[in-house]
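J.: These protein sequence lines map, in sequence, to chains A and B.
If you use this note's numbering, the first sequence closes out at 148, no skipped numbers anywhere.
If you use this note's numbering, the second sequence closes out at 871, no skipped numbers anywhere.
Worth flagging that the hints you see were computed from the coordinates, not collected in a lab.
Being a predicted model, the structure only gives us computed values, none of them experimental.
Note that beta-carbon positions come from the ideal geometry of N, C-alpha and C, so glycine has one too.
A portion of the hints provided could be inaccurate.
To give an idea of the chain B side of the interface with chain A (calculated C-beta under 8 angstroms), a few residues [claimed, not checked]:
#, residue
1, V434
2, G436
3, F573
4, V587
5, F591
For the chain A half of the interface with chain B, some residues (derived, Cβ under 8 angstroms), not all of them [unchecked claim]:
#, residue
6, D21
7, Q58
8, G62
9, S65
10, T79
11, A91
12, L93
13, A108
14, V115
Taking lysine-lysine and the PhoX-like style, the derived pairs with C-alpha atoms no more than 25 angstroms apart in a straight line are [said to hold, decoys possible]:
#, chain 1, residue 1, chain 2, residue 2
15, B, K469, B, K584
16, B, K469, B, K617
17, A, K63, A, K86
18, A, K29, A, K86
19, B, K315, A, K29
20, A, K86, B, K584
21, A, K52, A, K28
22, A, K28, B, K584
23, A, K56, A, K28
24, A, K63, A, K29
25, B, K584, A, K52
26, A, K28, A, K86
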Amino acid sequence: MNASTREREKRGFWAGLCALFAVVLMAMPAFAQAPAPDDETYHIAKKLNCPTCAGRNLADCPTETCAQWKAEIKSQLDQGKNSQEVLDYFEARFGSTVLQEPPKDGSTAILWAAPVGAAVVFFIGAALVMMRVSKRGTPALATAIPAPASADPFVSQLEEDVKKAS
Amino acid sequence: MFTDLGHLSVILALLACLYAAVVSPLGAVRNDDRLVQSGRVAAFMTLPLVLIGCLGLWYALITHDFGVQYVADVSSIATPFFFRVTALWGSQNGSILFWCLIMAGFVAAAMVKDWKTDRPLLPYVTMTMALVLGFFIFIQLALTNAFVRYDFPPADGRGLNPLLRHPGMIIHPPMLYAGYTGLLVPFAFCVASLITRRTDNLWLISSRRWTLVGWAFLGAGLLLGGRWAHDVLGWGGYWGWDPSENKPFITWLIATAFVHSAMIQEKRGMFKNWNVFLMMLTFASMFFGTAFIRSGLLTSVHAFAASDIGPWFMGAMLVILIACAVLWLTRLDTLHSENKLESAFSREGIFLIQNVLFLSTAFTVFIGTMFPILSEAIAGEKITVGPPFYDQVAGPQMIALVLIMGVAPLLAWHKASGRAVWRQMIGSLIFAVVVMGALFVGGVTQLIPLLGFGLCAYTLAQTVMEFVRGARARMKGMGENPFVATLRLAQKNQRRYGGYIIHIGIVLMAVGAIGKGFYGTDVIRNVPLNESFNVAGYEFVYRGIRPVQCEFDDCQTMQGMLLMKDAATGNVIEGLFPHRDFYPIQQHTATIPFISGTFNNEIYVLLAGWENNGATASFQVYVNPLINWIWVGGVIVILGFFIAFWPMPDKAPAAVRANARSMAGAPAK
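Chain B on its own, in the form it takes in the complex (with noise of 0.2 angstroms):
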C-alpha cells in the first residue's frame, strides 16, 4: 500500500518536473515573476515527491514485500537489514530511482539557493534542470519501473548481489550518483546564460562552487570505488580500466579542466568560448557515460543488465548535443574575450596546455572504452583493449599532468619572467636530484620509474613551497608564527591552497601508482600441506584449509591458512587467512584477500584452489609496493577539496561582497 503510494509520487514527481519547464520559461517570456516562483516551487517539490517514492520502496525492501519484482531480485529472508536498505541502489531499476532522488536534491538545493545576483538566469536554470530530471523520472516510471508487482508473489527472494555486499558499497554509487547528478547544476547555469547572452562571468560564479561539489563526489566515488575492486573482486590492484569506471573518470578529467580553467575566465575574462565548450563537454560526457553503462551496451565487471533504455538515452543524447551546439553557435558573438593573452608563457598559457592535454587524456580514456564496440561495428571482430593500452597511452599524458602541476603555480598571470621561474625552480629541482640519486642507490634502476618518482618529488616539493613562500612573507609582514602564519594564508585564499593540498593528494597518488605499476609483482604457488615458499622476502607455510561460518547467511566460506614468517629471521609475524565465499543461489565465487605486509609493501593474498580435500593448495601473492600512498592521497585531496570549499567568509570582505551584491542587483537589465 505505501509502495503503491511511493509509486504514483514518483507519478507527480515526473508531472511537477514538467509543469516546471513549461511555467519557468514561460514566466520569463512574459516577464511573470508568479509564474517563474511557481516552476521554482514546482522543481523544488521533486526532492519530496521522490523521496516518498524512495520510502516506499524501503518499505517493501524492509518489510520483504517480495510480491514486489524489484525487492525479489535484490533481497531475500535472509538478507540483513543493512543491506535491505542499500539494495535500493543494488540492481537497475532501484538504482535509477535513488539516482533521481539524489538528482532531485540539487535541484531542490539550486532552487532554494539565493538568487539575489543571479536572478534573470533562474527560470531558464529551473527549465534545464527540470527537463533533465524529468527525463530520467520518466525513465524509472516507463522503462525501468521499481514498483511493478508480480501476479503471484514468490515466497523468498534472490538476495542481494554479493559483490555489492563491502562498506564501500554503501556509498560507492551514492557518491558516483552525487557526481554525476551534481554536475546538472553548472550545466543549467551555463545553458541559462546562454539563452538569456548574460555571458560574462555570472554563471561561473554561480556555479563554479557547485562544479566543485560535483567534482569532488565523482573523484571521492571512483577512489571507493577502487578501494571496493582492491578488497572484494580480488584482482590486487585497485584500478582496472573497467568501462564502468571509466566513464567516470573521463567526466572528472573533463571537469578538472572546467575547474581550472574557469578561473582563467574569472581572472582575465578570457576563453569564455572554451569554459561553455568544456561545461558542455562535462555534461555531455556524464550523460553519455550513464547510458553505456545503464543500457549494457558495454560489457564490464558491474554493469547492468541489457536493457531498452538504450535507444532512449541515444535519443535524449542527440537532442542534448543538438540543443548545446544550436545555442552555443547562436551565442558566439557574445563570447568574445575581454583581455588580450600577453604571452603564451603565462598562468593562462599554461592553463590552456593542461586544459588540453586533459582532455587528449579523456578522448585516449574514451576511444579505448568504445573501441570493442567500434570494431564491431566496423570490422566486425570485437577487439579488447585491456590495461596495457591505457598504460601506455594515457600514463604518459598523466605524468605530464604531474609536471605542469609543478611549473603551472610559478607561471605568473599575464607574463611570467624565465628568470623567476627558474630561481623558484632551483631548491625543488635540487630535491628531485638528490631524491633520485637515493632511490637509484636504494635500487630504483628503472629509467621510466625513477623519472617518474624524480618528477612526483620535484612537485611535492614545489606545492609544498608555495606553502613555506607564502607563509614567510605572512611571517614577515605581520609577525605571526609559522603555524598561524600557514592556517592564515590557508583561510585568507582558500580555493588556491585548498587547490594546491589536493596537489599535492594526487602526487601521492601518483607515487603509489608509480610503485605499484612498476614493482608490483604477483605469483601463484601451489603448496602441500605443511610445506612453504618464499615471496618477497617472506616465507608462507601452509597449514590446511577449513570451513567456516559465512559472513552471511546464503553462502558457504572456505578459509586457507598460511603462517607468514620473516624469510632471513625465521620469526612468525601472523597467521594469513583469505578465504573463498560461494554463494549458491546467485552461482558466484567471491575471492577474498586476506592483507598483510608493511605500510609501504603491502602483501595481498588469495586462496586460488585446493586439491584432494587442501592436501595441497594454491595461492596468490601480490606484493603491491607503495598502494598504500593512493589512499592516502585520496584522502588529502578529499581533505583538501573541503578547504577550498568550506565557507569561512571573512568578516571586512563579506560585508563588502554584500554590498557590492545588493548594487549589482539593483539595475535593471
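Here chain A stands alone, though its shape is the one from the complex (with noise of 0.2 angstroms):
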C-alpha cells in the first residue's frame, strides 16, 4: 500500500509539474510577437506630463490644451527633430517638471542617492542589530525553553514567573 502510494504521489508531482509547464507555454503566443511599429509622436507624450489632468501623462489626458501639445510634437517632427530634441525642447520651455522620468542632475541628485543611501543605512542597521543581540540576551533561558512554546499566553507568564523566582 506504501508502495502505491508513493508512486500515486510521484505521478501527481509530474502532472504538476507538466501543468505548470503547460501554463508557461499558454504564456508563449504573448511574446512571440514583434513590437508593431510605433507612432512617434505618441510615444514622446508618453514621456510628458500633462499641464492639465493632475497625475497623467500627455498621450493619455484628453483635454484641449493636451491636444494642443500633442500638434506641438507632430510639428516638431515633422521640421525633421528627434525624439530626443522635442523632449528637450519641452524641458528648456516648461522646465524639467513635464519630463515622465525626472532627470538625473543635481536638482534630483536627493531623489536617486536616497533610496540607494536609506538600503544602505538599513542594512548597517541591521546588522548591528544582528551583532547586539547575538552578544545579548540570556542563552541558560534561549536552551532551556523551547522555542515555539512562548507563543502561548500560559507559557510566556510561566515564563515570567520562573523569572522572578529565580
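Now that you have both chains on their own, put them together as the hints suggest.
T.: Next up, the structure:
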C-alpha cells in the first residue's frame, strides 16, 4: 500500500509539473510578437506630463491643451527633430517638471540617492542589531525553553514567574 | 429632520470619545473597574452614534434633499438609487464621515472582544482608540461637515463624479478605509503595552489578527483600485504610481514587514524594539498618508479637493510622533531581547533582511511621492516623479523580496545548515532553469525579464514544495492520501500555509507585472473608414462610430466600432466597441476601454478620437501580456488570507488553550 501511495504521489508531482509547464507554454504567444511600428508622437507624449490632467501623462489625457501639445510634438517631428530634441525643447520651455522620468542631475540627486542611501543605512543598522542581539540575551533561558512555547500566553506567564522566582 | 438628528448623533459620538479617553485611564490609575467599564461602553457606543449620522446623510441622499450641500454636490435627480447610496463616500466630507463609521466599527469590535488574557491593556487601548477616532470625528464636524445646509436649496444637484461610477468604486474606498482604520487596533495595543510596561508578547498575540485584517483590507483595496484604474481610467495599465495609491501601498509594505517580524518575537522573543517601531511606523504612515491625500497637498488622479484640514492633520501627526517617541524611549529598558541570535544564517536573520528590504522599498515610494513637494519647497521647482523612477528603484527591491520569499522558508530557526538548504533548493533551481530555457527558446531573450521569470518559477516551485514536503510527511506518518494530507497540513498550521498561499499569489502577480512591464506595447493608429491596421497578430477593421445611449442619464456616448480579425487567417474574432462618455455638467470625458484577446495576451482598445463625423478615427491599442495573472494572483492572496485567518480551532488544543488562559488570567499583576 505504501509503495502504491508513493507511486501515486510521484505521478501527482509530475502531473503538477507538466501543468505548470503548460501554463508557461500558454504564455508563449504573448512574446512571439515583434513590437508593431509605433507612432512617434504618441510615444513622446507618453514621456511628458500633462499640464492639465494631474498625475497623468500627456498621451492619456483627453483635454484641449494636451491636444495642442501633441500637435506641437507632431509639428516639431515634421520639422525633422528627433524625439530627444523634442523632449529637450519641452524641458527647456517648461522646466524638468514636464518630464515623466525626473532628470538625473543635481536637482534630483537626493531623489535618486536617498533610496540607495536608506537601503545601505538600513542594512548596516540590521547588521548592528544582529551583532548586538547575538551578544545579548540570556543564553541559559534560550536553551532551557523550547522556542515556539513563548507563543502561548500560559507559557509566557509561566516564563515570567520562573524568571521572578530565580 | 432625520438628517439633523444624524448631525446631533455625530456630535454625541465625539462626546463619547472624549469621555472614554478621560475615564478609562482614570479608572486604571484609581484601580476602579467601574470607570474602565464605563469608558469601554462609551467607546463602543460611538458605533451606533456614527451609524445614525450616516443613516441621516443616506436619508438625505436617497430623498434628494438638495438643501444639504453635500447631497447637491455628489448627486442629482438623475443619479440612480444605487449611486445615491455609494455617494456617501463620493466626496471629501461624506467620506470622512464614512471613514469615522468604519473606524468606530473597529473600535466597537475591539471593545466587545474577550478581554480575559489582556485585561491590563484595556483602559489604554480604549483611550488610544477613542483619541484617534475622536480626532477624525472632530475633523468631520468642525472642518468637513457633511450636514451643512444651503440657505436657498438648489433645484438639482451636480451628480456623482463620473469616475466613481464603477462597481469597483463601491467596494474600493470602504476596503481602503477598513485597511487603514483596522490598523488602529494593533497600534492601540502597542501603545497600551508600553504605557503599562507589559512589553512581553501579550500585545503581539492580541493584535496580530487585527493587523492581518487591516493588512488584508488594505491589500484588497489596492487590488480593487488597480482594477478600477484598468477599467475606467483608460490607462491601459493597473498601477500608475499615483500618490493616492502610493500612500496606502507604503502602509501596506510596512504592515507586511510587521506581520513577518511579529513571528520572530512570538517564536524567539527577539526584536521587541523593532516590532514596536514597526507598529508605530505603520500607524504613522497611515495617518500621514490620510493627511496628505485628504488635504490636497499632493495632486493626483483622485485626491480630494484642496482644503484647510492640512494644518490640523499635521499638528496631530506631530503630537503622535512625539508621543510615540517619548513612550518608546521611556520604555526602552523593558524591551530587551529574551534570546540570543545564534546565527545570521537563520530564519530570524533572513526575516530581518526581509524587513529591511520592505522598509527601504517603502522609503523609496515615500521619497518619490514626496519629492515634488520637497523640490518645490527647497529648490523652488516642482519636479514630477513619474513611473520610470519607481520602476527603476523600487522594482529591483521588490524582485529581491520575491527571492527572499523563496529562500526564507528553507532556513531553520536558530541556525540553518547550508547543506540542508542546498538540498531542498536544488530541485526548484533546476525547475527554474528549465523554465528559463523554455522561455528563451520561446522568444523571451531580454535578460532582466528572463531572470525575473526564472526567479518567479523558482519561488513558485519552492513554495509548492513546502506543501509537498509537509503533505509527504503526513502521508508517511498518518497514512493519509495526498489530498487529505495537504488539507490537514493547512488546517493544522493555518497561518503558515495560508502565508505560503499568499506567497504563491504574490509570485503570480509578479509574473503579471513582469509580463506587462517588459512585453506590454501600446500604439495609436489613425484609420479611415473601412480600412484596417495590424497590431500583435490581429487585424482591426474600422467600421465607423455611432452615438449610443449612455449608461447614465447625464452623459452622451460615442462608440467606436472595430472588427478584430486574426491577421494570419483572416477569421473574424469579434467586434470591439470602445467608447467615450462625455459628461456636460462635470465637463468630463471618460475613455472606456473594450477588452479582448486571450487570457495571457489581453488586447485593450480605446477610442482616442475622430474627425469629420467619423470618416477617420484614432484608436489606442494596448497589448497587455500576462496582466490577468495580477488579478488571479490577487484573488489567491485574499484566499490565502482567509486560510491564515479563518478560525478553525482544533478541538483538543482549544481546550488546552482555554485551560491555559484561565490560569494565565488568574495570577495578580
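J.: Indicate, hint by hint, whether the structure satisfies it.
T.: These are the hints, each one checked on the structure:
| no. | hint | in the structure |
| --- | --- | --- |
| 1 | V434 | violated (12 angstroms) |
| 2 | G436 | holds (7 angstroms) |
| 3 | F573 | holds (5 angstroms) |
| 4 | V587 | holds (5 angstroms) |
| 5 | F591 | holds (6 angstroms) |
| 6 | D21 | holds (5 angstroms) |
| 7 | Q58 | violated (17 angstroms) |
| 8 | G62 | violated (21 angstroms) |
| 9 | S65 | violated (15 angstroms) |
| 10 | T79 | holds (5 angstroms) |
| 11 | A91 | violated (11 angstroms) |
| 12 | L93 | holds (5 angstroms) |
| 13 | A108 | holds (5 angstroms) |
| 14 | V115 | holds (4 angstroms) |
| 15 | K469/B to K584/B | violated (47 angstroms) |
| 16 | K469/B to K617/B | holds (14 angstroms) |
| 17 | K63/A to K86/A | holds (23 angstroms) |
| 18 | K29/A to K86/A | holds (15 angstroms) |
| 19 | K315/B to K29/A | violated (52 angstroms) |
| 20 | K86/A to K584/B | holds (15 angstroms) |
| 21 | K52/A to K28/A | holds (10 angstroms) |
| 22 | K28/A to K584/B | holds (19 angstroms) |
| 23 | K56/A to K28/A | holds (13 angstroms) |
| 24 | K63/A to K29/A | holds (16 angstroms) |
| 25 | K584/B to K52/A | holds (22 angstroms) |
| 26 | K28/A to K86/A | holds (19 angstroms) |
Taken one by one, the earlier hints fail for this structure at numbers 1, 7, 8, 9, 11, 15, 19, listed in ascending order.
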